[in-house]
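This is what each chain is made of:
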Amino acid sequence: MLFKNHYEPLAYAIFIAAILAAPLVLDEFWLNRFSKYLVFGMLGSAVALSWGYAGILNLGQGLFFGAGAYMLAMSLKLASPTSLQQGSSTPVPDFMLWNAEPGAPTQLCCIVKGSALWLPFQSQWFGVAMGLAVPVVLATVLGSVVFAKRISGTFVSIITLALVLLVRLLIIDAQPLTNGFNGLTDLGSFHIGDFTFDPYGLESYYLIAGLLSLVLVGTRLLISTRAGLILQATRDDEVRARYLGFNVPHYKTFFFVISAAICGVAGMLYVLVSEFASPTFMDLSFSITMVVWAAVGGRASILGACIGAILINMIEAKISETKALVEVWKAIIGLIFVLVVLFLPRGLGGLAHDLCRGLWRRRVSGTSPVGKTGTISHPAA
Amino acid sequence: MAVTALLIDGIGVDFAGLKAVDNVSIAINEGELRVLLGANGAGKTTLMDLISGKTRSMRGRVFLYDTEITNWPEHAIARAGIGRKFQIPSVFRDLTVRRNLQVASCRNPSVFANLRLGFSAEARQRIDQMLAVIGLEDAAETTAAYLSHGQTQWLEMGLLMIQNAKLILLDEPTAGMTVAETRKTAELIRKMRGQHTILVVEHDMAFVREIAEKITVMHLGQVLAEGSIAAIEANPKVRAAYLGSKGIA
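Taken in order, these protein sequences are the chains called A and B.
Sequential numbering of the first sequence, starting at 1, is according to this note's numbering.
Sequential numbering of the second sequence, starting at 382, is according to this note's numbering.
These are computed hints drawn from the structure, not numbers from a lab.
All values derive from a computational prediction rather than experimental measurement.
One or more of the hints may lead you astray.
Beta-carbon label-pair distances, calculated as ranges [as the list claims (entries may be wrong)]:
1) A:R363 - B:N410: 52 to 60 Å
2) A:G180 - B:I469: 37 to 45 Å
3) A:L344 - B:R571: 46 to 54 Å
Coverage of chain A stretches by chain B, computed from C-beta distances (three or more under 8 Å per stretch; other residues unrestricted) [as the list claims (entries may be wrong)]:
4) 221-227
5) 243-252
Using N, Cα and C, we set each Cβ at its ideal position, and we do this for glycine too.
Generate coordinates for the entire structure from the input sequences, incorporating the hints supplied.
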């Protein structure tokens with residue numbers, strides 16, 4: 001059985017229709033803003049996949065997001081007019097000039113130490129490929145080591161948390177190569193052939209909405225496969241799954257990598273609409289915020305976590321811009337989180353599921369004399 | 382001549398110098414139901430750990446039919462055909478009973494082979510039959526966490542049966558059960574017999590009488606005696622070491 005009930009495919013359809021129709025009511029400013037929220041929605045779903053379905057609470061999801069973002073941003077930085085006007089045959093990012101030693105050649109190959117790493121990024125598609133490949137490779141290596149060593153629970157969270165902070169530090173430290181804590185700004189635009197994606201345009205919005213729909217449907221299908229079912233089994237009881245003959249680390253690593261790939265794509269899309277990449281993507285607070293989105297939306301629901309992310313960001317934008325609440329908006333967001341955890345442990349997704357099931361039952365019990373409510377049966381002794 | 386399903390050849394392991402299992406050799410024929418008896422600390426569960434790969438042996442070898450499986454990783458041993466039921470019942474608590482059985486019915490263990498939706502008509506039918514065998518038809522859509530203790534144990538046995546394990550290791554299957562549940566478990570084990578070779582660790586002597594053909598008694602990590610219930614009861618070494626002067630209750 002693919003879906004637990006008839007409402008679930010309907011919910012996906014309504015959501016996808018809604019994001020496709022949203023430009024009808026949004027102005028240019030809000031369209032750009034909403035695109036970012038959709039990207040966050042994608043992150044929420046990625047967290048739900050790894051936390052809710054694989055049982056891996058990754059507190060370093062920002063690592064994969066940041067990796068995707070930086071890879072594309074490097075390509076877009078080289079495509080920026082400021083990089084092309086340095087009077088050399090190769091584009092040279094402006095910050096490299098500021099950081100170069102006096103007399104260094106104004107060429108991408110050798111202006112600062114290690115700048116040759118940037119050379120292949122002159123191709124935008126190389127950046128895109130790396131934006132996917134780097135998170136995937138990182139997650140594969142990390143997952144293979146951590147899960148094969150049977151590290152689980154809090155320890156995985158601590159390792160991922162430490163790792164994202166480490167990488168953040170490395171990026172800030174490599175100032176001549178990465179522009180340090182300033183990040184990569186003043187980027188060129190993404191283009192396919194002659195077509196340029198305007199960050200404030202409909203085309204960028206639809207690229208993101210389309211990819212989000214794909215991610216949602218794809219992930220939902222993925223967890224409905226047998227592999228997805230076995231994954232949930234390993235989450236419930238790793239030892240039992242192992243003694244049924246499943247190679248548990250393989251399953252965990254596979255879905256961990258999928259989650260990382262989604263984050264990488266989200267990172268690239270975020271660069272597309274925000275026009276910068278910065279080490280703040282790898283701040284601890286951002287990775288934890290993603291977990292909060294998924295918790296509020298419901299970590300056991302791919303769509304719920306996505307909607308949770310979008311809703312929280314919309315509420316955050318509204319109240320942080322309301323004059324009376326400017327001082328306290330963070331407290332309000334915190335309060336929402338506390339209330340959800342206390343009263344809706346399965347998040348909004350769980351609430352919606354229960355409501356739909358209630359409705360469904362009422363209809364079923366209306367037609368048959370015995371309602372299917374007594375699911376807990378007693379030992380047939 | 383009967384085929385040997387499980388051959389344990391002089392296996393042993395030490396824990397900090399203590400010989401938990403020492404030079405144990407047991408041969409179990411295909412289709413046989415063997416009961417493993419012994420006082421606490423006799424090494425019964427450790428022996429199961431050695432067979433199923435949870436503990437690495439220091440000496441000796443284990444064969445499943447013609448395949449040597451000594452110290453293979455646990456999932457490989459399980460794939461080779463050994464199913465294990467734990468002392469503390471373990472099932473997938475957040476999945477329904479049916480889904481539990483679906484997981485165990487996946488023939489191919491690899492991730493990529495399982496990237497497909499749904500189950501074949503044959504698999505669905507097998508799952509329905511298994512639900513009937515373990516008596517959980519009415520609870521098929523119940524989340525496993527809500528099952529009673531007995532039901533959880535039967536579900537776990539169902540997982541092993543549907544997995545098609547050649548050899549099933551049952552570690553105290555009736556621990557904590559009511560009399561009625563114990564009777565039903567004995568019935569279930571009798572159903573498993575014939576299709577599977579079974580090795581049971583059990584303390585409940587009434588239950589052992591009900592199911593056992595041949596008994597192996599362990600004491601201080603070694604095999605003390607082997608034989609039918611009558612032979613074991615009459616064995617003076619067993620009486621002295623384990624059963625006390627009163628014999629099997």
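Q) Among all the numbered hints in the text so far, which are the ones the structure does not match? A) 2
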